[in-house]
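Asker: Listed below are the residues making up each chain.
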Amino acid sequence: MYQYDGLDQALVEQRVAEFRDQTRRYLAGQLSEDEFRSLRLRNGLYIQRHAPMFRISIPYGLFSSQQLRKLGEIARKYDRGYAHFTTRTNLQLNWPKLPEVPDILAELASVQMHAIQTSGNSVRNVTADHMAGIAKDEVDDPRPYCEILRQWAALHPEFTYLPRKFKFAVTGSDFDRAASLVHDVALHLKRDAQGNIGFQVFVGGGLGRQPIIAQLIREFLPLPDLLGYCEAILRVYNRYGRRDNINKARIKVLVKALGPERFREEVEKEFEASRASAPVLDAAEVDRVRAFFAPPPYEGDLTETDAAAGRELQFQAWYRYNTREHKIAGYRAVYVALKTHGQNPGDITSEQMKAVADLADRVSFGLIRATHNQNLMLADVRQSDLYEVWQQLRELNLAVPNIGTLTDLIACPGLDLCSLANAETFRVVRQIQARFNDLDYLYDLGNIEIKMSGCMNGCGHHHVGHIGILGVDKHGESWYQLTLGGSVNGHRTALGEVIGPSIPLSEVALTIERIVETYRSIREDGEEFIDTYRRVGIGPFKEGVYASHPAAA
Amino acid sequence: MRHILRRREGIEALVVPFAEFLGNPAKWRAYDGPLGVLVGPTDKVEDLARDIARLSLVVVDFPTFNDGRGYSQARILRTRLHFQGELRATGVVKQDHLFFMARCGFDSFELAPGENVEEATRALRRFTVNYQQQRFSAWVTRYP
Numbered sequence: 047m048y049q050y051d052g053l054d055q056a057l058v059e060q061r062v063a064e065f066r067d068q069t070r071r072y073l074a075g076q077l078s079e080d081e082f083r084s085l086r087l088r089n090g091l092y093i094q095r096h097a098p099m100f101r102i103s104i105p106y107g108l109f110s111s112q113q114l115r116k117l118g119e120i121a122r123k124y125d126r127g128y129a130h131f132t133t134r135t136n137l138q139l140n141w142p143k144l145p146e147v148p149d150i151l152a153e154l155a156s157v158q159m160h161a162i163q164t165s166g167n168s169v170r171n172v173t174a175d176h177m178a179g180i181a182k183d184e185v186d187d188p189r190p191y192c193e194i195l196r197q198w199a200a201l202h203p204e205f206t207y208l209p210r211k212f213k214f215a216v217t218g219s220d221f222d223r224a225a226s227l228v229h230d231v232a233l234h235l236k237r238d239a240q241g242n243i244g245f246q247v248f249v250g251g252g253l254g255r256q257p258i259i260a261q262l263i264r265e266f267l268p269l270p271d272l273l274g275y276c277e278a279i280l281r282v283y284n285r286y287g288r289r290d291n292i293n294k295a296r297i298k299v300l301v302k303a304l305g306p307e308r309f310r311e312e313v314e315k316e317f318e319a320s321r322a323s324a325p326v327l328d329a330a331e332v333d334r335v336r337a338f339f340a341p342p343p344y345e346g347d348l349t350e351t352d353a354a355a356g357r358e359l360q361f362q363a364w365y366r367y368n369t370r371e372h373k374i375a376g377y378r379a380v381y382v383a384l385k386t387h388g389q390n391p392g393d394i395t396s397e398q399m400k401a402v403a404d405l406a407d408r409v410s411f412g413l414i415r416a417t418h419n420q421n422l423m424l425a426d427v428r429q430s431d432l433y434e435v436w437q438q439l440r441e442l443n444l445a446v447p448n449i450g451t452l453t454d455l456i457a458c459p460g461l462d463l464c465s466l467a468n469a470e471t472f473r474v475v476r477q478i479q480a481r482f483n484d485l486d487y488l489y490d491l492g493n494i495e496i497k498m499s500g501c502m503n504g505c506g507h508h509h510v511g512h513i514g515i516l517g518v519d520k521h522g523e524s525w526y527q528l529t530l531g532g533s534v535n536g537h538r539t540a541l542g543e544v545i546g547p548s549i550p551l552s553e554v555a556l557t558i559e560r561i562v563e564t565y566r567s568i569r570e571d572g573e574e575f576i577d578t579y580r581r582v583g584i585g586p587f588k589e590g591v592y593a594s595h596p597a598a599a
Numbered sequence: 019m020r021h022i023l024r025r026r027e028g029i030e031a032l033v034v035p036f037a038e039f040l041g042n043p044a045k046w047r048a049y050d051g052p053l054g055v056l057v058g059p060t061d062k063v064e065d066l067a068r069d070i071a072r073l074s075l076v077v078v079d080f081p082t083f084n085d086g087r088g089y090s091q092a093r094i095l096r097t098r099l100h101f102q103g104e105l106r107a108t109g110v111v112k113q114d115h116l117f118f119m120a121r122c123g124f125d126s127f128e129l130a131p132g133e134n135v136e137e138a139t140r141a142l143r144r145f146t147v148n149y150q151q152q153r154f155s156a157w158v159t160r161y162p
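Line by line, the protein sequences are chains A and B.
According to the numbering used here, the first sequence is numbered sequentially starting from 47.
According to the numbering used here, the second sequence is numbered sequentially starting from 19.
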């Protein structure tokens, strides 16, 4: 993974000093609430329902065992001994104390980490495919380009006060595992006829109040132009994006207002006009960064075996659901499941963090990945180590074999912790976990992605869940609006369709059961839930949920 | 009188609003003396291209703490219009902005009322490093 040099280290340390000073001025009454708000957000600090919430950046979801150990220590020392992985592969602390945040930042800087631009109206953490570098279907590893974008965007003087937040995702495979098309900019790695690396550029995706799928504006952007072109996109947005209404300030609103074609023309015009002064990504810098992402020293003479053969059924289930194919023979990628029943999706304790770090050191080259589905991954595990890894993860309560099934669901923290939320999410999670606790039933249902948000801001990606759950406030109570047919992984990104009137908290799991029972009754042989939905549309599901149960309406 | 923090020798110039300047080109081209233009966040600074050599001063207004449009205007003035005169930030200009403004090409800063001049001067030197100029070529920040 990338290692800081003197420049990187000086920058994060000076940033810590700056924020320490800003916090001091705020506490001394020298900075107004509004001004400090803008400054603390771009250092990851929110003031939430009960306490500050602090968001730590994990660039493109990759971190080391040393960093994970430090994160565990920080959660114990400054918080309540646990933390929460988000859909943008960041880590959130829910109960830090404001005056201590500069100290947390200093501890992060000691292990080459930071919270720069994890919030605020700035360029956020750049995300990537969690299978980067190990997927068979990859054009190129996206992570070096993510790191380059991270550096370019960090404290970019022109784009520090954008109209609104701005998110990049980069993928190297045709099969999208990064939810890329719901980002402000999606970059898809491609090669031209001569084999040169470049990017397909999509702009204006996003969820929230106005969910939109990103539009293609450039078929092939040559690598040297990457930063110059991104600068042109951001400059057009910075100048012409709306600043009068926070709900209309994302770039997707500008792209929609101009139309993708006109927006593309504006960007191309800006790019041409600024060529002489635009940053150029030279080959030496690309090579320097790429070298950090060279493959780890795999054992070259391993053969592909069936690690599950002859083992107990529980291990076989875990092997099947919680490990993935690796491009190197004899290796598998292993999910560390943060979806154990009774647990909030993405939550992890300090003890678990330390233990996973130790495990990564022993079996996966000391590296860990965070996924946008709120799990972790040990990406490079020898097949011969899998059984031992399973046993250890099971002891840690991190081996529930449900990845890709209905209970591997995404949820934001909701009303329990977030001051934006309209509805609870954790009690709904518990309810779903309790109702769907039979693994054989889950396996029979196949791949079903549930995504839940506690408000229309959509941090839980509800619009693109096969089953989306949106929390709404109804006379002070948590109610839920369900959507069907959204998708974000693979070859098709689609927004879900509302199935009908919202339902009270007590009926969410029951309603989901009616939906999946409808699917079971009409599916064709081997047909996944999303394919059945695409074949029959929402009608039969509406019928299944509402018509035969008028009380729900 | 608000304090103007300068990184170059100051200029006494008559400052004319952007619309007035572009609305009466003959009048202002005939004006005999140092001239400046006051630019608001929605003004298209590219329109100054024809007269840019004539201007001694461009003042860019930041109406709120979080309005970022002036940063793009500054970079266009410096890198595309090759403006060599004094580029001054006015409006809500606080110490927390200065490092970023300077790197976009501002070289004078009309500080918001109540800003501590010593702290502001120090804030300009808060970062000794940056990525954009040091890692990626073609970034221009210093002007004569």
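Errors might be hidden in some of the hints.
Stated by the list, open to error - Some, not all, of what chain A presents toward chain B, calculated at C-beta under 7 angstroms:
no. : residue
1   : ASP51
2   : GLN197
3   : PRO203
4   : THR206
5   : ARG281
6   : ARG321
7   : VAL544
8   : PRO547
9   : SER548
10  : PRO550
11  : LEU551
12  : GLU553
13  : GLU559
Stated by the list, open to error - BS3-like, lysine-lysine: derived pairs with alpha carbons at most 25 angstroms apart:
no. : chain 1 : residue 1 : chain 2 : residue 2
14  : A       : LYS123    : A       : LYS213
15  : A       : LYS211    : A       : LYS123
16  : A       : LYS182    : A       : LYS373
17  : A       : LYS211    : B       : LYS45
18  : B       : LYS62     : B       : LYS45
19  : B       : LYS62     : A       : LYS211
20  : A       : LYS400    : A       : LYS123
21  : A       : LYS302    : A       : LYS315
22  : B       : LYS45     : A       : LYS294
23  : A       : LYS211    : A       : LYS373
24  : B       : LYS112    : A       : LYS302
25  : A       : LYS373    : A       : LYS294
26  : A       : LYS236    : A       : LYS123
27  : A       : LYS123    : A       : LYS182
28  : B       : LYS45     : A       : LYS315
Everything labelled a hint here was simulated from the structure, so no lab data went into it.
Given the structure is predicted, the values throughout are model-derived calculations rather than measurements.
No residue lacks a Cβ here, since even glycine has one placed at the ideal position from N, Cα and C.
Asker: Check the structure against each numbered hint from earlier and tell me which ones fail, lowest number first.
Answerer: The structure breaks hints 1, 6, 7, 8, 9, 10, 11, 12, 13, 14, 15, 17, 22, 23, 24, 25, 26, 27 and 28; every other hint is satisfied.
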